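J.: Let the sequences and hints guide you as you build the complete structure.
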Amino acid sequence: MVTAMTDIGFDPVMHEPERLRIAATLAALPAGDAVSVSRLRDLTGLPPARLDSGLGELGRAGYVHTDHRGGDVTGAIAALTGRGRDALDRYATALREPRRPGPDVRAGEADRTAAAAALAEHYAQGRLTFDEFSLRLEATLTARTHGQLARAAQDLPG
Amino acid sequence: MSTTMTDNGRDFDPQQAATLLNQTTRQARRELDPYPVWQLATRAATALIGYGAVWLSVRGQHPYLYPTAAVAPVGVVIGAINLTVVTVTRKHATAGVTGRSRLRPAEIAIITGVMAAVVAVLIGLISAGVSHGIVYGLYPASVPLIAGGLTWAAIMAKRGDRPEAVRAAGIAVVGVAALLAGPATAWLVCAVGVSAVLLAGAALTARRQRA
Chain U
57 MVTAMTDIGF DPVMHEPERL RIAATLAALP AGDAVSVSRL RDLTGLPPAR LDSGLGELGR
117 AGYVHTDHRG GDVTGAIAAL TGRGRDALDR YATALREPRR PGPDVRAGEA DRTAAAAALA
177 EHYAQGRLTF DEFSLRLEAT LTARTHGQLA RAAQDLPG
Chain L
406 MSTTMTDNGR DFDPQQAATL LNQTTRQARR ELDPYPVWQL ATRAATALIG YGAVWLSVRG
466 QHPYLYPTAA VAPVGVVIGA INLTVVTVTR KHATAGVTGR SRLRPAEIAI ITGVMAAVVA
526 VLIGLISAGV SHGIVYGLYP ASVPLIAGGL TWAAIMAKRG DRPEAVRAAG IAVVGVAALL
586 AGPATAWLVC AVGVSAVLLA GAALTARRQR A
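Here the protein sequences line up with chains U and L, keeping their order. All residue numbers for the first sequence refer to the working numbering, where the first residue is 57 and numbers rise by one. All residue numbers for the second sequence refer to the working numbering, where the first residue is 406 and numbers rise by one.
Think of the hints as simulated: they come from the structure by calculation, not from any bench. Keep in mind that a hint or two might mislead.
[Stated by the list, open to error] Pairs of lysine to any residue, SDA-like flavour, derived with a Cα cap of 20 Å: (1) L:496 <-> U:89; (2) L:563 <-> L:553; (3) L:496 <-> U:86; (4) L:496 <-> U:92; (5) L:563 <-> L:577; (6) L:563 <-> U:86; (7) L:563 <-> U:88; (8) L:496 <-> U:95.
As the structure is a computational prediction, the values presented were derived from the model and not from experiment.
T.: In structure tokens:
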């Protein structure tokens, strides 16, 4: 099972390389089509045990339907369900969205420099007095985490 | 960092995930496409050569008679290449696949029946003594494209395969354009038109696979 970090907002079932490869491959078929597990193995390049395990996890989530017509895994066919297609679409959309680091994540020199430049721009636009700018600039340049950087700019747009 | 520790013990960065998703999607589309770019490009080339060869053999005829016998081997070779290319790519793409991607026997019967009817009518026209310009020019150049193209477009539209339906309709339009040309020029229209439709299809497929 997925062990951690669901806080970043990804579907934990999809956010695993082998399951993602299986789901993306099945999504290339027209809706309603299925593919034999042996062909799916060729397409994904996954070893049988990994493929079986991935299909099992995706199946338990309702993302993949596996029909064991042949009585064993080699005679089975697999298809992405409507729910699976929706989940993959949502996952792909989530991947495209820009992500902000969590508040406890350590900030680097580049993060502090960028935040200071943004503050200077707000000062130039008249959103901050000189005293406010000086205080916030000091807080920004000594910030250790992204949370501290965010607090120095919390009432500013952008 | 926004990495995830997955159950196989690896960190999975969202950027890696996006790259893997794109690569897998492109690869799967290429493998499962019954009309890959190279197949459409090959068919475009064979159409240009095949119809072009017929046009070269009839363009100096006044009055129009029929394509010369020298073109027959070219036609046979071109037909064999086309059939082989389509069969091999379709077989590869649909290996292990069940459902909509596979042609149903009824669909094969319909397209075979339509093409058989086209040939039967041609034989009837020849027997009836219709002019050479029609039975050896306009009809064989245009009617198979119109009848076959429209039938295939209808089948593909019913399946929801829009790109292939549009390609087939484009072939039918080329057939109509050939019908409006003279008996010799009809072959040239087919050569240019069919290969243009197939090349456009190849370009669109390549674009879709990159998207």
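J.: Please name the hints from earlier in the document that this structure breaks, with their numbers sorted from lowest to highest.
T.: none
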